[in-house]
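Chemist: Those sequence lines, one after another, are chains A and B. Under this note's numbering, think of the first position of the first sequence as 1, with each following residue one higher. Under this note's numbering, think of the first position of the second sequence as 1, with each following residue one higher.
Source of the hints: derived by calculation from the structure; they are not laboratory data. Take these hints with a grain of salt, some might be off.
[Said to hold, decoys possible] Calculated lysine-lysine pairs in the BS3-like style (CA-CA distance at most 25 Å, straight line):
1) 255(B) / 85(A)
2) 88(A) / 255(B)
3) 108(A) / 7(A)
4) 204(A) / 251(A)
5) 108(A) / 198(B)
6) 255(B) / 110(A)
7) 170(B) / 205(B)
8) 198(B) / 170(B)
9) 149(A) / 7(A)
10) 110(A) / 204(A)
11) 149(A) / 198(B)
12) 110(A) / 149(A)
13) 108(A) / 77(A)
14) 77(A) / 7(A)
15) 292(A) / 314(A)
[What the hints assert, rightly or not] If you want a taste of the chain B side facing chain A, the calculated C-beta under 10 Å gives, among others:
16) 56
17) 147
18) 170
19) 174
20) 234
21) 241
22) 247
23) 248
24) 250
25) 259
26) 264
27) 267
28) 327
29) 331
30) 335
31) 336
All values reported here derive from a predicted model rather than from experimental measurement. The C-beta atom is built at its ideal place from N, Cα and C for all residues, glycine as well.
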Amino acid sequence: MALLEVKGLTVSYPVAVGLSAFISRRFLVAVDRVSFSLPEGRTLALVGESGCGKSSTGLAVLGLLEHVGGEVLFRGKDVLRLRGKALKEFRRRAQIVFQDPYESLNPKMKVRAIVGEPLRIHGIRGDEGRLRRALDLAGLSPPDYFLEKYPHELSGGERQRVAIAAALILDPELLVLDEPVSNLDVSIKAGIMNLLRDLQEELKLSYLFITHDLADSFFLSHEVAVMYLGVTVEQGETEEVLLHPVHPYTKALLSVAPGSGREKVILSGDVPDPLHPPPGCRFHPRCPAAEKRCVEAPPGEVELSPGHSVRCVKAESPREEP
Amino acid sequence: MGGIGKYIVQRVLLTIPMLFILLTAVFLMLRLMPGDPVLAMLGGRNVSPELIEQRRKEWGLDKPLHVQYLNYLAQVVRFDFGKSSRTGRPVLYELRTRLPATLELAFGGIFFAALFGITTGIWAAVRADKTSDHVVRLFHIGSFAIPIFWLGLMFQMVFAVQLDWLPVAKRVSGIYAYTFQPITRFYFLDAILLRDGKLLLDVFKHWILPAVTLGIALTGFLGRMTRAAMLEVLDADYVTTARSKGLAERVVILKHALRNALIPIVTVMGLQFAILMGGAVLTETVFSWPGIAGFLVRSLDARDWNAIQGTIVFIGVFIATVNLIVDILYSIIDPRVRY
């Protein structure tokens, strides 16, 4: 059984415009019926441009957002319906690491308090040993050097390691990594990526890895889901999707990755306003291969080979019917 | 902590030229104002020119302006602010005896402003854009817009006149005015020192209306600041992280969010407290509160130059002190601030 099974996940945000919020509330749909599953000890990468809903998906999976629909099954139990004790138990087993370690660490707390807080929340004794082990695992050694420091006294890479240590201290099963290396320098980034891969092997962790960088997903993930404007357009085994992409959007993303060797496909225009998504296939206004039928109805999901599915009419039938 | 000691000394030294400029400005402005203390004191009717001349000489007002100014400065550096022409007592004595009344009211105002402002501000931020948020914000704007003297008068009308729960004005009831010998002139403290429960209750009853009036007047601004500061930190990733670790929402808000939102809140409270020293004029007048602000108003009416100059410098010193305390608080609240 998969550790995490997401079925038809929908995330919306209320759009309040001044006093009109009193009268009627409109919703922006950030994530629209997304489904995926994450087996134990594996990594699923959510890839897409900013605003495509990948971070909202990550937060929703942890039960941190309101206005969420669908099901998020963690070991068979629906996270969205957990309350009280069961929710606290889930919080212990699923953790998050954010993009910007300058934002994700409380500037008023020392490393000791930041990393040790989860222990206090869950009433776990034997702090000191676990604290040191967590810092050690995250590559912060000697731990004593870091324990009494404030975040502003550390470098970006060290901060991200503190965030990772705080996520690891409760021995979680699932980590949501929300662009964990996007804000770091290249040299530091490599160190953190290697650390994440080693930790997964050592601790049998499962990662939901959110990134906009296909190269990162290639390095770390077993499976990948490409998102565009709140929907998954293509998903499957990482190698399969990245080496044999089918969806025009995946192809375009890959073509602009450095060293891809492909002819660059430069998409015209911007991502449309998610409040007014285009009819039919959401990608059609920017798609280099768009046809008339793309405007008419949203494409269904087509399974090309076991595990590799895509949402594009061309995959359904290569040519437009006369 | 050698740094902070040095910082405090520097700040105190910087205050001296500031006060000197303030004093000079007030000194000159008063002498540009129509009217003078001698005429104001003797009244306009049938006063002999000889008497006027005699008083001018007594108070040193017959000398040229620059001589008057230098004489006054020479007094001030010895902490002598001269005598009040209205009461005949030293200005410093007048201020010293009135300061406790003003402070007692100012602390009350700040206390209620913090009680109403910070709590409603947090509440509004947590429920941002929901109906309860709109209601709280309406209350904030209302509190900001209501004229303070009108609010004071309404409170007097409702709670003192109609309901007869509380006294209308002053710091204590008439029966105590003759029997009660103040020790510190902080009446709450005095009542406790005298172990007089009835007096304490009496003092409280007199204090509560003006303190709440001031508090409500200050709530709006503080509440809006708190809401804005909280909104900023409630979105921060470390707040989401704290939630994801299973921390109770109440603890997330108070420990992770509020502590990081405190800097602007403390700044506003410091400014408001300083303003209260001089700005409680209307409240002190409405409630016949024998504080510094009321003294300043009556001194202005009497063209009591010494008293006005002394009071303004006094308020200046007070504002500088509060600002210094706020700056020191920054370094306690935020470990990144170092002096």
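Chemist: Confirm or reject each hint.
Modeler: Consistency of the hints with the structure:
1. 255(B) / 85(A): Answer holds: residue 255(B) to residue 85(A) is near 22 Å, not above 25 Å.
2. 88(A) / 255(B): holds, 19 Å
3. 108(A) / 7(A): violated, 39 Å
4. 204(A) / 251(A): Since the Cα atoms of residue 204(A) and residue 251(A) sit roughly 32 Å apart, the hinted pair is violated (cutoff 25 Å).
5. 108(A) / 198(B): violated, 45 Å
6. 255(B) / 110(A): Status holds; Cα separation ~14 Å.
7. 170(B) / 205(B): holds, 10 Å
8. 198(B) / 170(B): holds, 16 Å
9. 149(A) / 7(A): Since the Cα atoms of residue 149(A) and residue 7(A) sit roughly 42 Å apart, the hinted pair is violated (cutoff 25 Å).
10. 110(A) / 204(A): violated, 29 Å
11. 149(A) / 198(B): violated, 53 Å
12. 110(A) / 149(A): Answer holds: residue 110(A) to residue 149(A) is near 5 Å, not above 25 Å.
13. 108(A) / 77(A): Violated. Residue 108(A) to residue 77(A) sits at ~36 Å, over the 25 Å cutoff.
14. 77(A) / 7(A): holds, 12 Å
15. 292(A) / 314(A): holds, 12 Å
16. 56: This interface hint is violated because 62 Å lies over the 10 Å limit.
17. 147: violated, 26 Å
18. 170: Not OK, violated: residue 170(B) not within 10 Å of chain A, min 45 Å.
19. 174: violated, 51 Å
20. 234: violated, 13 Å
21. 241: holds, 6 Å
22. 247: holds, 5 Å
23. 248: holds, 8 Å
24. 250: Hint on residue 250(B): violated, closest Cβ of chain A at ~13 Å, above 10 Å.
25. 259: holds, 5 Å
26. 264: With a minimum Cβ separation of about 15 Å from chain A (threshold 10 Å), the hint on residue 264(B) is violated.
27. 267: Given a least distance of 17 Å, the restraint on residue 267(B) is violated.
28. 327: Result: violated, 18 Å to nearest chain A Cβ.
29. 331: violated, 12 Å
30. 335: holds, 5 Å
31. 336: Holds, because the Cβ-Cβ distance from residue 336(B) to chain A comes to roughly 5 Å (cut-off 10 Å).
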